[in-house]
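K.L.:
In case you want the letters, here they are:
Number of protein chains: 2
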Amino acid sequence: MPSKFIEKYLKAKKEKNSVLCVGLDPGLRSFRKEDVVPSKYERKDIEAGLLDFCLDVIEQTADYACAIKPNSQYLLFTLGIKELKKINQKAHKEGMVSIIDHKLGDIGSTNDAAFYWMQEAGFDALTFSPFAGNIEEATKAAHKRNLGILVLTYMSNVEAGWIQKQSLFEWRPLYQKIAEEIKNFGSDGAIMGSTGHVTMDDIRMVRSLIGEQSLILFPGVGRQGGNMRAVIGAGGNNILINVGRDLIYDKNPGKKAKEYQMEINQTIKDFHQELEKQKK
Amino acid sequence: MPSKFIEKYLKAKKEKNSVLCVGLDPGLRSFRKEDVVPSKYERKDIEAGLLDFCLDVIEQTADYACAIKPNSQYLLFTLGIKELKKINQKAHKEGMVSIIDHKLGDIGSTNDAAFYWMQEAGFDALTFSPFAGNIEEATKAAHKRNLGILVLTYMSNVEAGWIQKQSLFEWRPLYQKIAEEIKNFGSDGAIMGSTGHVTMDDIRMVRSLIGEQSLILFPGVGRQGGNMRAVIGAGGNNILINVGRDLIYDKNPGKKAKEYQMEINQTIKDFHQELEKQKK
Chain A
1 MPSKFIEKYL
11 KAKKEKNSVL
21 CVGLDPGLRS
31 FRKEDVVPSK
41 YERKDIEAGL
51 LDFCLDVIEQ
61 TADYACAIKP
71 NSQYLLFTLG
81 IKELKKINQK
91 AHKEGMVSII
101 DHKLGDIGST
111 NDAAFYWMQE
121 AGFDALTFSP
131 FAGNIEEATK
141 AAHKRNLGIL
151 VLTYMSNVEA
161 GWIQKQSLFE
171 WRPLYQKIAE
181 EIKNFGSDGA
191 IMGSTGHVTM
201 DDIRMVRSLI
211 GEQSLILFPG
221 VGRQGGNMRA
231 VIGAGGNNIL
241 INVGRDLIYD
251 KNPGKKAKEY
261 QMEINQTIKD
271 FHQELEKQKK
Chain B
1001 MPSKFIEKYL
1011 KAKKEKNSVL
1021 CVGLDPGLRS
1031 FRKEDVVPSK
1041 YERKDIEAGL
1051 LDFCLDVIEQ
1061 TADYACAIKP
1071 NSQYLLFTLG
1081 IKELKKINQK
1091 AHKEGMVSII
1101 DHKLGDIGST
1111 NDAAFYWMQE
1121 AGFDALTFSP
1131 FAGNIEEATK
1141 AAHKRNLGIL
1151 VLTYMSNVEA
1161 GWIQKQSLFE
1171 WRPLYQKIAE
1181 EIKNFGSDGA
1191 IMGSTGHVTM
1201 DDIRMVRSLI
1211 GEQSLILFPG
1221 VGRQGGNMRA
1231 VIGAGGNNIL
1241 INVGRDLIYD
1251 KNPGKKAKEY
1261 QMEINQTIKD
1271 FHQELEKQKK
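Residue numbers (my numbering), protein chains in the order written: chain A, 1 to 280; chain B, 1001 to 1280.
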């Protein structure tokens, strides 16, 4: 039986005819030269500017994307619970699910403080980092707070390999062991890279380990160069393809989201036609 | 040469004659039965209540502790940049260093967004989770933003062992490899458990790998049952002993901080006397 969060995801995916997820990572000129919000959003009242940016991007992309993924490192130092609520209310009004990209990874009592605040703010799910080893405990606690939990499994940044792909447990790589834990403990899904050292075989392996119904979230398609064909060909049906910078900093995020949606759906169609051909 | 953060730590340690660190993890009745702030701090204006609690605890413990460690999961969903600045200004006015317990672990560009906001807020250092593998990149980026970086190395929660102690890299445990990276890349120190599966030998091993000058932060002394004698006997000189719940929820945090300071300093004295005896 799919979890409550997976049910929400399936509903949004169906209604939007889209697995596109919009990564809300708003950079500012004050700390970055490229990939920054349009200047009208970088105001003296930083909080209000960032909130408006997020609300506008949701508004513009809602017809083409089924999820948003606001990142804590960009938003949490400025926005408070009231602003976070507004972002999630807007996403829900538009029929999207909202996943806070938090990479939470603390001890149980501290994780639960975060779960409480995430539920208060109205998020549907969160991203979780398994370094502390407590996937089972965190999954139970998140579900109690009505939150889905997606576990970092195999990241695409070049530095991730030495921890995540190194052999462990009778020479199986750590990321495969994490995928098994996701399955065993009923977490809602895995987060995987889609570029660099992450191969289609790696993605297929994780999908087979976590089962068909769980979600795989792929960040880093678009600017980070993620491989859309690999993601779709190996990831199974329940996927989310996140596009952040390439979309949110575009002059017209709505148009860009529509292009991504069409490209994704065409790739899915091509993939299934290819499969049919091979069957014959 | 000690890093800028280690210099700040050494100064505070000397001035306060203390290695005590106060963990600011304010729980609320709205999500927890035990370990909650006194009711006068749980106001309708949650933000203002939590801020006052933090400022009051700093005020009361400043004579006996050299550091504070505000935890992001308890504070960041409510407090904004203005309130975080006030906490850090207060800590600095009182001669303490401020370490944000954030367990950051994202890709480079996202980590840097967090570093920017941490510097804006006035923190001296942060805690970092190495799951994404990018210790070197994060250390450089944190130092550019004038922040010390303390890396989770071997945690004390029971679930941590299967990832952190499992053999890796020609059968050495992962936490030892992380300690080597801390040394190689000039991170400011390690975070280690002080209870459960973490032994004195584990602590000695990490100290020998990271070198004498780096800091080891030990969370979880006090309510979590951490072993103070082990920490002091094996941890070396540059340590921080964090006490959170047992101190901040006491009726008199100042008195409690003084008791911890005296107990720690007595244990250090006893340890050195024991060493001298053994030398003779």
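Mixed in with the good hints, there may be bad ones.
[To be verified] Partial chain B-side listing against chain A, Cβ under 10 Å, derived:
id : residue
1  : Asp1052
2  : Leu1174
3  : Ile1178
4  : Ser1208
5  : Glu1212
6  : Pro1219
I should point out that these hints are in silico values taken from the structure, not numbers from a laboratory. Just so we're clear, the structure is a prediction, and the values are computed from it rather than from any experiment. All residues carry an ideal CB built from backbone N, CA and C; glycine is no exception.
K.L.:
Work down the list of hints and note, for each, if the structure agrees.
P.N.:
Verification of the hints:
no. : hint    : in the structure
1   : Asp1052 : violated, 16 Å
2   : Leu1174 : holds, 7 Å
3   : Ile1178 : holds, 8 Å
4   : Ser1208 : violated, 21 Å
5   : Glu1212 : violated, 26 Å
6   : Pro1219 : holds, 8 Å
Consistency with the previously given hints fails for numbers 1, 4, 5, ordered from lowest to highest.
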